[in-house]
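**Student:** Keeping their order, the protein sequence lines are chains A and B. The numbering of the first sequence is UniProt numbering, which starts it at 1 and goes up by one. The numbering of the second sequence is UniProt numbering, which starts it at 1 and goes up by one.
Keep in mind that a hint or two might mislead.
[As the list claims (entries may be wrong)] Below are the DSSO-like pairs computed for lysine-lysine, each with C-alpha atoms no more than 30 Å apart in a straight line:
#, chain 1, residue 1, chain 2, residue 2
1, B, 193, A, 305
2, B, 269, B, 31
3, A, 122, B, 236
4, B, 91, A, 256
5, A, 243, B, 193
Don't read these hints as lab results, they were simulated from the structure.
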Amino acid sequence: MSIYLDFEEPINALEQQIAKAQDIGKDAELDMTDKIKELEDKLESKTKEIFSNLTPWQRVQLSRHPERPYTLAYIEAITQGDFQELHGDRNVSDDKAMVGGWGSIDGKTVMFVGQQKGMNTKMRQYRNFGMANPEGYRKALRLMKLAEKFNKPIVTFIDTPGAFPGLEAEERGQGEAIARNIYEMMNIKVPIICIIIGEGASGGALGIGVGDKVIMLENTWYSVISPESCSSILWRSWDYKEKAAEALKLTSEDMKRLKLVDGIIKEPINGAHRNPEEMFATVKREVKRHITLLSKIDPAERCEKRMNKFTEMGVFK
Amino acid sequence: MVWFKRKLEGIQTSTKDKKETPEGLWYKCPKCQTVVTTEDHISNFFVCERCSFHERIGSEEYFQLFFDDAKYKEIDKKLKSGDPLEFEDTKKYVDRIKQTQKKSGLTDAIRTAYGKIDGQDFVIAAMDFSFIGGSLGSVMGEKIARAIDKAIKLKAPFMIVSKSGGARMMEAGLSLMQMAKVSAKLNQLSEAKLPYISFLTDPTTGGVTASFAMLGDINIAEPDALIAFAGPRVVKETIGRDLPPGFQRSEFVLEHGFLDYIVERHDLKKEVSKSVRFFMN
Ligand SMILES: [Zn+2]
Numbered sequence: 001m002s003i004y005l006d007f008e009e010p011i012n013a014l015e016q017q018i019a020k021a022q023d024i025g026k027d028a029e030l031d032m033t034d035k036i037k038e039l040e041d042k043l044e045s046k047t048k049e050i051f052s053n054l055t056p057w058q059r060v061q062l063s064r065h066p067e068r069p070y071t072l073a074y075i076e077a078i079t080q081g082d083f084q085e086l087h088g089d090r091n092v093s094d095d096k097a098m099v100g101g102w103g104s105i106d107g108k109t110v111m112f113v114g115q116q117k118g119m120n121t122k123m124r125q126y127r128n129f130g131m132a133n134p135e136g137y138r139k140a141l142r143l144m145k146l147a148e149k150f151n152k153p154i155v156t157f158i159d160t161p162g163a164f165p166g167l168e169a170e171e172r173g174q175g176e177a178i179a180r181n182i183y184e185m186m187n188i189k190v191p192i193i194c195i196i197i198g199e200g201a202s203g204g205a206l207g208i209g210v211g212d213k214v215i216m217l218e219n220t221w222y223s224v225i226s227p228e229s230c231s232s233i234l235w236r237s238w239d240y241k242e243k244a245a246e247a248l249k250l251t252s253e254d255m256k257r258l259k260l261v262d263g264i265i266k267e268p269i270n271g272a273h274r275n276p277e278e279m280f281a282t283v284k285r286e287v288k289r290h291i292t293l294l295s296k297i298d299p300a301e302r303c304e305k306r307m308n309k310f311t312e313m314g315v316f317k
Numbered sequence: 001m002v003w004f005k006r007k008l009e010g011i012q013t014s015t016k017d018k019k020e021t022p023e024g025l026w027y028k029c030p031k032c033q034t035v036v037t038t039e040d041h042i043s044n045f046f047v048c049e050r051c052s053f054h055e056r057i058g059s060e061e062y063f064q065l066f067f068d069d070a071k072y073k074e075i076d077k078k079l080k081s082g083d084p085l086e087f088e089d090t091k092k093y094v095d096r097i098k099q100t101q102k103k104s105g106l107t108d109a110i111r112t113a114y115g116k117i118d119g120q121d122f123v124i125a126a127m128d129f130s131f132i133g134g135s136l137g138s139v140m141g142e143k144i145a146r147a148i149d150k151a152i153k154l155k156a157p158f159m160i161v162s163k164s165g166g167a168r169m170m171e172a173g174l175s176l177m178q179m180a181k182v183s184a185k186l187n188q189l190s191e192a193k194l195p196y197i198s199f200l201t202d203p204t205t206g207g208v209t210a211s212f213a214m215l216g217d218i219n220i221a222e223p224d225a226l227i228a229f230a231g232p233r234v235v236k237e238t239i240g241r242d243l244p245p246g247f248q249r250s251e252f253v254l255e256h257g258f259l260d261y262i263v264e265r266h267d268l269k270k271e272v273s274k275s276v277r278f279f280m281n
């Protein structure tokens, strides 16, 4: 049974009607072809209508859709299962909210890193809702340094509601861990491609988000704070999340317009969650294209370009 | 007391004008309630004589404290915030900026300057908490970036005095990316083999902690300063119980290995100058 967000309900209704018509066609051996065709046309135009007029808050909802594919699903699909997960930060523990390891894309080795969310209640807890501890960031850095040593490109998948704000996380230097990653990623000598596949919340996202190409999937968000927290701080109430989502300019379009990300990857017409296979294929194509292009640039020049890109961010007078 | 001379003169003239308000003449320590004259308080570096509580001070005081003869040249004094997002919460961002500028007499939450510390060229970027909580936005990012350029040009050591609630929400994604921007510039400073001293003061939290404040060649702090990624209120909500005493204070952060040393304001110039000497000689 699929899960539908409030604004997806008309789609749900039409899909149910189509299913019913198909059943009737089968049972009564009536010719429902025309009826089904009509409903399918209607579904297509309704889907287009809904998905071409999404509000920023609806995009935030989509980015968190429980059926949206998560990092490991992308890695599995892109590498066709030729992936080996590597664990641990070599200091404290293995953070389940951050995953990574070697994988191959059509025969070429790539280092993958990303936050991982869980698919069900139990797994969500196991993955700590995609909120990494300092060990997660340090594992990510260890793996990225490994990639640098062996001259392999890096792909990071960003999907986090934020770095974990726990007591032990503070004790073990959550701030330092994120800071170190941002600093080191500026100067890692292999191509880095960062893709926001869901939520891109603040420093927790940026901690694996410094790359030559930073790309957002169409229905994701990336900002300094979640709309809910922004609402609670600036409006002193949880009720202004829609307004906050608008004010923060956190959608892929806005972030691209502001030159804070390099590109947007189109999602299937009804969102990544309704057609993951199509999404994976598109992401794989883009990753391959960027690796090819970036690999042609001299490493020192690539790092300089990367740094200059971030140095130019900001608006002042 | 040369260091706070200018500040003293400023306060004396302003108190002369409002003789009717005796509060201006006295300072009451919020921690131990000890009352001293404002003049004594200032000449004691805004530190309580009895309990050593360090009152929060701003960029001007730190510049006067660190730079020889309180002499320095401020850079990019006029840099101001834009409003590319046309941000509006309960107030328009542009109005918030204008009001804060008027109230504080500052242009943004950081000032950058160069001068000498015991004869050695030195560049400092110091935050002002009174300006929207010392928040990190485009102006702060750019001013730090240019101060780093200045340090490279002068072949001088560089220090950031952090005092910030974190990234500025009203600049959203732009604020977030300032964390990356400053980190990129710090890579360049490092390339030039020039030392970066990160000086953390009360409070240093959020995006500032999760970027340049934790990236010093040495990280140092004032006593009892709040130093955190997630603030105590958020951590308490997360774990659902009270926090241990001293949690996220300088001494705690030192104990967990993230600071090189803690220094009382009385010894601040002496110790920083000593560090600078070790780096540069
Ligand atoms: Zn006191």
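**Student:** Keeping to a limit of 30 Å between CA atoms, is the pair of residue 122/A and residue 236/B held or broken?
**Tutor:** 24 Å, holds
**Student:** If you draw a straight line from the CA of residue 269/B to the CA of residue 31/B, is it 30 Å or shorter?
**Tutor:** At roughly 25 Å apart (the allowed maximum being 30 Å), residue 31/B and residue 269/B satisfy the hint.
**Student:** Just to be careful, I want the Cα atoms of residue 243/A and residue 193/B compared with a cutoff of 30 Å; is the pair within it?
**Tutor:** Distance of about 46 Å is beyond 30 Å: violated.
**Student:** Does residue 256/A lie within 30 Å of residue 91/B when you go C-alpha to C-alpha?
**Tutor:** 26 Å, holds
**Student:** Quickly compare the C-alpha distance for residue 193/B and residue 305/A to 30 Å and report which way the hint goes.
**Tutor:** Holds, because 21 Å separates the two Cα atoms, which is no more than 30 Å.
Hint check: a violation occurs at hint 5 only; the rest are consistent with the structure.
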